[in-house]
Amino acid sequence: MPESSIHNELTSIVGGENAVQDPHLLESSSVDGVIPRIVLFPDSIEQISEIMKAASRAGASVVPRGSGTKMGIGNKPISADIVLSTRKLDRVIAHESSDLVATTECGIALSDLQSYLGGKNQFLPVDPPHVRGGATVGGILATNDSGPLRFRYGTSRELLIGMKVVRADGSIFKGGSKVVKNVAGYDMPKLFVGSLGTLGIITEATFRLYPVPESSKTYIACFESVGKAHDTVRSLINSNLVLNAMEHMNPGLAGYITERLGLGSDFNRYTLAVRIMNVSRAVSDQVKTVSDISQKNSGKGLIIEARNEEAFWHEVREFPWRSSDGAFAVLKAGVLISDVPRVFLLLDQLSDKLGIRARASARAGNGIVIISIDGDGESVINSVRGLRELSESAGGSLVVREASPDIKPALDVWGGMGSSLGLMKRIKSAFDPGNILNPGRLF
Amino acid sequence: MQSSIKETIERPPDWKRGFGERLSAILGRDGVIFADDELLAYDCDALTGYRIKPLFVVLPRTSGEVSRVMKMCYDEDVPFVPRGAGTGLSGGALPTDEGIVISLARMNSIIEVDIPNERVVVEPGVTNLSVTNAVSSYGYYYAPDPSSQIVCTIGGNVAENSGGVHCLKYGVTANHVLGLEVVLPDGEIIETGGKTIDHPGYDIMGLVVGSEGLLGIVTRITLRIIKKPETVKTLFASFDRIEDAGASVSGITARGVIPAGMEIMDNLCIRAVEEAVHAGYPVEAGSILLVELDGPQAEVDAQMPVVEEVLRGQSALEIRIARDARERDLFWKGRKNAFPAMGRVSSDYYVQDGVIPRSRLAEVLGRIGDLSKEYGLSVGNVFHAGDGNLHPLVLYNSKIEGEQEKALELAGKILGVCVDAGGSITGEHGVGNDKKRFLSLMFDENDLETMNLMRCAFDRKGLSNPGKVFPTPRTCVEQGMKPYAEHPLQKSGLGEMY
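Protein chains in written order, with this note's numbering: chain Y, 1 to 443; chain U, 1 to 498.
Just so you know, these hints were derived from the structure itself, not from any lab. All C-beta atoms in this analysis are idealised placements derived from N, C-alpha and C, irrespective of residue type, glycine included. Keep in mind that the hints are not guaranteed to be accurate.
[Stated by the list, open to error] Taking lysine to aspartate or glutamate pairs in the DMTMM-like style, the calculated list, with each CA pair at most 20 Å apart, reads:
#, chain 1, residue 1, chain 2, residue 2
1, U, LYS169, Y, GLU214
2, U, LYS169, Y, GLU158
3, Y, LYS76, Y, ASP406
4, Y, LYS53, U, GLU449
5, U, LYS227, Y, ASP169
6, Y, LYS425, U, ASP186
7, Y, LYS425, Y, ASP169
8, U, LYS169, Y, GLU96
9, Y, LYS53, U, ASP447
10, U, LYS228, Y, ASP285
11, Y, LYS425, U, GLU401
12, U, LYS233, Y, ASP285
[Unchecked claim] Partial selection, computed: residues in chain U whose CB lies under 8 Å from chain Y:
#, residue
13, THR192
14, LEU207
15, ALA298
16, PRO357
[Stated by the list, open to error] Over the 12 Å line for every Cβ pair with chain U, so calculated as not near, a few chain Y residues:
#, residue
17, GLU224
18, LYS228
19, TYR256
20, ILE356
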């Protein structure tokens, strides 16, 4: 199909002002250096459907995009002809507050959704990074991105109950429902969570919500050793406290955050941060218990709340993106809870041996470790290999979430996908036989 | 739609005997059930209205055996139906007459209990309650608790994505399964998820949970276990009108309280239950609402007065808080015995499983009442009110000509009411064989076709539990069978083009 013909077709679908070919915008919409030919801003699911029909017919590749805060995830795309922005689909469709359920278009920024829900004192309990940068609900679902609160509430996967998706061929389908309990038909929404836009364009989602807790406090304590901190984690897990978040930070990160926020200079050690959100009495009672348990392991701590607390957790979410200009990688390791200290110890060794700077925070009750590494290119690459070897040999995984352009080509972004890879590829080819959706970014 | 498999396969006259021998060669003589009278024990699940005798039943002991059996079935186009304890209420384990039943009953070992990492790894034939029993001495439990938890299996729970009375707060099976070993219909063994979380790639595990045996057979399951709460408090409130009980439920969540469980029973059920188990419910009440709060002591202490305030605001006649564990168990015993107790009131009953938004409870109960009058059949209401999962019990007498048909028609109309209110045709019993004709109330042709597209990636021959879930039989179209295609540019090596 001649280039001008599909261009005209796309322009007529969204209107000239919503089909942009300005070179600056194209360049800023590039994915790992692959520059698109056009950026489209459809404002309805029907327009998205028409775009996908046109792209399918022409064999043009499509990169779905929300606010573009997570475009560094995945392999370099094989091709990126059309960037399809969902940002104009930003309405909250329904909020049934007495059902604790909301349906929203997926181009809405999470922060806007939270403000809306906050009007009824409810929220969607996910706290991924980049929320102030405009992270959208669709982007969070497509990457299954999450933050420290997953310890209590899970990720968006656990909160999602229904979804509307435009398939590669432009057909629109819905899965799930709008009630919190439903087993009718396959649980199709789960297939799209974390699928990185390779199976369809997520346009609408229905979530179960939670009431905003009355009160919140965070207890931060530092420990003499990773072992003492981990012993405290084990005692906390083995208690019947109800914690919202429990982060175990390495000295590099803890020192950096506490200094940045002016919380003191003692925290250049392995540090735990425990957040409790509940009715006031239950918060103060439980913070007391956490501090008792921590003191048994010689932890030295302090309680933060209100603005300090918000600022602290903001840093915990965003620290990987505060790196320097050199070679860097942002990693997510998934290991057993009991293997978290091994990841920290390896990071210490790699820092000593290779001179890298490593900051890391473990969702200590989930076995997820978010790591940022800076240093010279080869040392960063070797560190990633070492960390992957450890994670995979322990039955877990290590994903490169983002890396500087100089080293990304040398990194295996996803690592092994195991024995279900063949099935994943069959699903991909069933949903996207022309391989036009984010081709190559997953596999 | 194309015809189903059994009509297209012609087999040689002695094929059945030979096939049985080939199964025996894999499983041993005691691993295959041949005798007609023994096969009858497998001709239905807990929905006994449908019965079909299978060709054979096989009882594998390992995932390797499951795989070899399935590969043989696949090569010879023999459909198969997986089966756990057979407690399902939607006919999901109903055999096909040209196929075999693969019972997972002998794969009943708990493989690993890992307390520090909060994981239990089990074979599919392990019962739900035995997972909790294996970890309760450490202060842990397995949260999903379907009423049949003493006998139902984890494999069956995975197939049905089972819920229970506590899923409002703690979620359903899908929220507690972290890893699966699955034998795909062609015999390939794959793993998805594991003891760690956030594995890269598609969420195959999430698809398989709740797939009702249509995507393969699960042979190993990694479960998340959670700590028991510090405190549990249970109360019940009685009301003149069931609508007030319903309004209390959304009133409680609207005040920011998420109880561990909320259950409602109407007068018909209260009377039946009181007679059967003497739970102490007031038999003259129009309805009762059970509320259970759990968590840290201070949280429960703060929430209890809020709950009581809501209940009084909805004209509760009496509020009774269980004084101790014994009384709490008694309150629950009534609820958990509601289905069997109905047997005292009516010779036959049909259990429905619709879901509605909590906020529409009062209105939907009114419409069910109208339908009950219109059909002249009693409907008992006992349900998981917190998550809007209704279990209307349609009472009938099968000895009266035409009454069973009338009852089923009424039950179907109730599902229509649920879907009209923005709900679902099934909350936890599954679609199975029983509700497949209602699936189109919720999903249009393209939604169903998309589900089938996914299914074909797992089972292009449609041999795994065929005839279930989908309203009409579906085959796999050419597109679903294409091998993974490289992008045109990937193949040609061309640069930019579109």
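Now for the hints, and whether the structure bears them out:
Restraint check for LYS169/U and GLU214/Y: satisfied, since their Cα atoms lie roughly 18 Å apart, inside the 20 Å limit. Distance restraint check for LYS169/U and GLU158/Y: the Cα-Cα separation of roughly 12 Å lies within the 20 Å cut-off, and the hinted pair is therefore satisfied. Annotation: proposed proximity of LYS76/Y to ASP406/Y holds, straight-line Cα distance about 13 Å (limit 20 Å). About 17 Å separates the Cα atoms of LYS53/Y and GLU449/U, which keeps this hinted pair within 20 Å; it holds.
Taking the CA atoms of LYS227/U and ASP169/Y, the gap is about 46 Å. The hint is violated against a cut of 20 Å. Between LYS425/Y and ASP186/U the CA atoms are separated by roughly 16 Å; this keeps the pair inside 20 Å, and the hint holds. Only pairs whose Cα atoms come within 20 Å are accepted, and LYS425/Y paired with ASP169/Y is accepted, the gap being roughly 18 Å. As the CA atoms of LYS169/U and GLU96/Y are separated by approximately 18 Å, the hinted pair is consistent with the 20 Å bound.
Taken as a hint, the LYS53/Y and ASP447/U pair is honoured in the structure, with Cα atoms around 17 Å apart against an allowance of 20 Å. Of the supplied pair hints, the one linking LYS228/U and ASP285/Y holds, its CA atoms being roughly 18 Å apart against a limit of 20 Å. The suggested pairing of LYS425/Y with GLU401/U is violated, with an alpha-carbon distance near 54 Å, which exceeds 20 Å. The hinted pair formed by LYS233/U and ASP285/Y meets the criterion: a straight-line CA distance of about 19 Å does not exceed 20 Å.
Annotation: THR192/U was flagged as interfacial toward chain Y, and the flag holds, the nearest CB pair being 5 Å apart, inside 8 Å. Checking LEU207/U against chain Y: minimum C-beta separation of about 6 Å stays under 8 Å; hint holds. At about 4 Å, the closest approach between the beta carbon of ALA298/U and any beta carbon in chain Y falls short of 8 Å, and the interface hint on this residue holds. Hint status for PRO357/U relative to chain Y: holds, with the closest Cβ pair at about 4 Å, below 8 Å.
With a minimum CB-CB distance of about 21 Å to chain U, GLU224/Y clears the 12 Å threshold, and the non-interface call stands. Every Cβ of chain U is farther than 12 Å from the Cβ of LYS228/Y; the closest lies at roughly 16 Å, confirming the non-interface assignment. For TYR256/Y, the shortest C-beta to C-beta distance to chain U comes to about 25 Å, beyond the 12 Å cut-off, and the non-interface label holds. The beta carbon of ILE356/Y sits about 23 Å from the closest Cβ of chain U, which is more than 12 Å, so the claim that it is off the interface holds.
Violation of the numbered hints given earlier is confined to hints 5, 11; the remaining hints are satisfied by the structure.
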